[in-house]
Amino acid sequence: MNNSLISIKNLVKYFPIKKGVFRSTVGWIKAVDKISFDIYNGETLGLVGESGCGKSTTALTILRLEEPTSGEIFFQGENISSINKKQMRKYRKDLQIIFQDPYSSLDPRMKIKNIIAEGLAAHNLLDSRTRVQKVGELLERVGIPPDYMDRFPHEFSGGQRQRIGIARALALNPKMIICDEAVSALDVSIRSQIINLFKELQSEFNLTYLFIAHDLSVIKYISDRVAVMYLGKIVEIAPKDIFFKNTLHPYAIALVSAVPVPNPDFKRKRILLPGDVPSPANPPKGCRFHPRCQKVMEICSQVEPELKKLDKDHYVSCHLY
Amino acid sequence: MNRIIRKLLNNTASLIGLLLLLVFILIAVFAPYLAPPLFPDPYQIPRMSWDVEPQPPGFPMSDDMRFVYESLGKPITRDKAIFGTAQGGYDIFYGLIWGTRTAFRIGIITVTLSMLIGVILGSLSAYFGGWLDELLMRITDIFLSIPFLVAAMVLTTILGRGLDKVMIALVAFGWMGYARVIRGSILSTKEEVYVMAAKALGVKDFRIIAFHLLPNTIFPVLVQASMNIGSMVVTAAALSFLGVGAPLGYADWGQMVSFARNWIIGSPGKAGEYWYAVFFPGIFIVLFVLSWNLVGDTLRDILDPRLRGEL
Ligand SMILES: Nc1ncnc2c1ncn2[C@@H]1O[C@H](COP(=O)(O)OP(=O)(O)OP(=O)(O)O)[C@@H](O)[C@H]1O
Ligand code: SF4
Ligand SMILES: [Mg+2]
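Chains as they are written, first to last, in the numbering used here: chain A, 1 to 321; chain B, 1 to 311.
Don't take every hint at face value.
Result set (PhoX-like, lysine-lysine): computed pairs, CA atoms no more than 20 Å apart in a straight line [unchecked claim]:
(1) B:LYS204 x A:LYS93
(2) A:LYS85 x B:LYS204
(3) B:LYS204 x A:LYS90
(4) A:LYS113 x B:LYS204
(5) A:LYS199 x A:LYS220
No lab work stands behind these hints: they were computed from the structure.
All chains should be built: construct the whole structure from the sequences, respecting the hints.
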């Protein structure tokens, strides 16, 4: 517990649904609904779940780029969920994010030199000459020739742009980087290069990652622990080996079954989930997964299961356990 | 840069616009050589005679006028009104040449200031949103609901006669368009992921506006501004025509047009007798407006990222 870098308690983020001429609020999208988990120092926590389940919202709320509706966020034991914008600025150096889309995440009218140095400039770190030098080192480190620093983003490929985004995040020497589907938009061939870069940087700079993905294939490779999210809720969280050996939650089991297996002789039966993901504006009563669950029981549509601790570090929220 | 130049040369309309603008710039710069001033204030149009009626092109300076200048010790370098004289014997050519400087001054100053006001209010409104947006947009609506020319006239009547007063009126009622355009584009641009990334880095709001939002949104405003330079000059001329503009005898195109007010039709039996009093000031204003419009069009083509196929 005391080696938690980030600790989230009952985090809630609702977005208002506005309708009509007067833009009155007619309901709430429950993007993140009372979740709690820790991210340990130096680890990679993989956060997985279908599109729209609230992964990005979780990430942005942790960074206070979206205001939490309620709940607490602790960074190194300090509550950062209700401090003001100015107080939050000093934590920005420690908490960085890399976005999914390498195209829209770089300002098209800014030279990459200035993109990477922006954090340094914002916090008044280094003078302008050492800044340029630092930008050169960072580019070199992420695998882009430093003499490209005067170019604009459109002169780079998707993979290179993602490297530039990584350099931008690294510039402030953060303690944690949230990778929000940071490799999902990349070609498979480039994907593994970038993942390896993440791994190298982690040991080199002592980084902690929250690694978000919509399937388990990448998470399986890079994470130390896995958290599974469904409709704004964490349904299972466990160390990676335990998670893959002993997957408990029916939704998590379905996700695991969808991971391609390298050995062609071994055929795992892929579980196809019936129906669509319900709307987060109106989640099913009881267990949110019950309309699609194969193991559904009486109680499931009535009572919402709590996240229970089963083993050391293995938590699951399901009435079966 | 090369691409921009090539583009300009390829397009006849752009080329005409630029050449026209260049001619006006040269006229403004070389005004002291084209029309050497007689008075310490070069914007004071010299009179060629005491005639009330306009006099035709080529009209020589009258003897009594020559006597007045000579007794004042003024060297007379030009003694023919090549474009004729306006009402009161004012030299049309001189008024138009020095009026070019006035036109640039009016156009550039009013457009720059109103753009500045519009851009500042519009971007604050869009970026911070909430009650500030509500307040600023209601103010904008109020200003927009007042007819421009009426408002400008009322304001100059209150402030008094004079070009500076005209310019204040033009700025006071000319910023709303810019505010709206920039607000609209910042509202969409501020949702871009790179803005989110800048916030995550801890970049301050004003830096985000200045270094991310404005560079990505300002170009349509610049295009609009360059086109408005011409129309600002026309409006200033209209105000002069209505009698609230420059003081009597000041080199200003609006003044030249207002001199022609009583002579547009001509005298009985001689329709269009005083055509030169209307034609020369008119053609200067029309060409000036045309040149800025063509330049604005060109700017739009150059700056539109979709046409560049770059972004
Ligand atoms: N700014 C917002 N305003 C309103 N609704 C939002 C906003 N951001 C997200 N949502 C909604 O919240 C829910 C969760 O979205 P979120 O982006 O967190 O999902 P995600 O798990 O990251 O999905 P993806 O895999 O598509 O990125 C979605 O239903 C989404 O429509
Ligand atoms: S609680 Fe019931 S419905 Fe929900 S996952 Fe467990 S078994 Fe399925
Ligand atoms: Mg997302």
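* Satisfaction of hint between LYS220 of chain A and LYS199 of chain A, Cα-Cα up to 20 Å -> holds, 13 Å
* Measure nothing beyond the straight line between the CA atoms of LYS85 of chain A and LYS204 of chain B; if it is 20 Å or shorter, mark the hint as holding. => holds, 10 Å
* Asked: Quick one, are LYS204 of chain B and LYS90 of chain A close enough, alpha carbons at most 20 Å?
  -> Measuring from Cα to Cα gives roughly 12 Å; hence the hint holds.
* **Distance restraint between LYS113 of chain A and LYS204 of chain B, which requires alpha-carbon spacing of 20 Å or less** => Holds, because 19 Å separates the two Cα atoms, which is no more than 20 Å.
* To do: Take a quick look at whether LYS204 of chain B and LYS93 of chain A sit within 20 Å of each other, Cα to Cα.
  => holds, 13 Å
The structure shown violates none of the earlier numbered hints.
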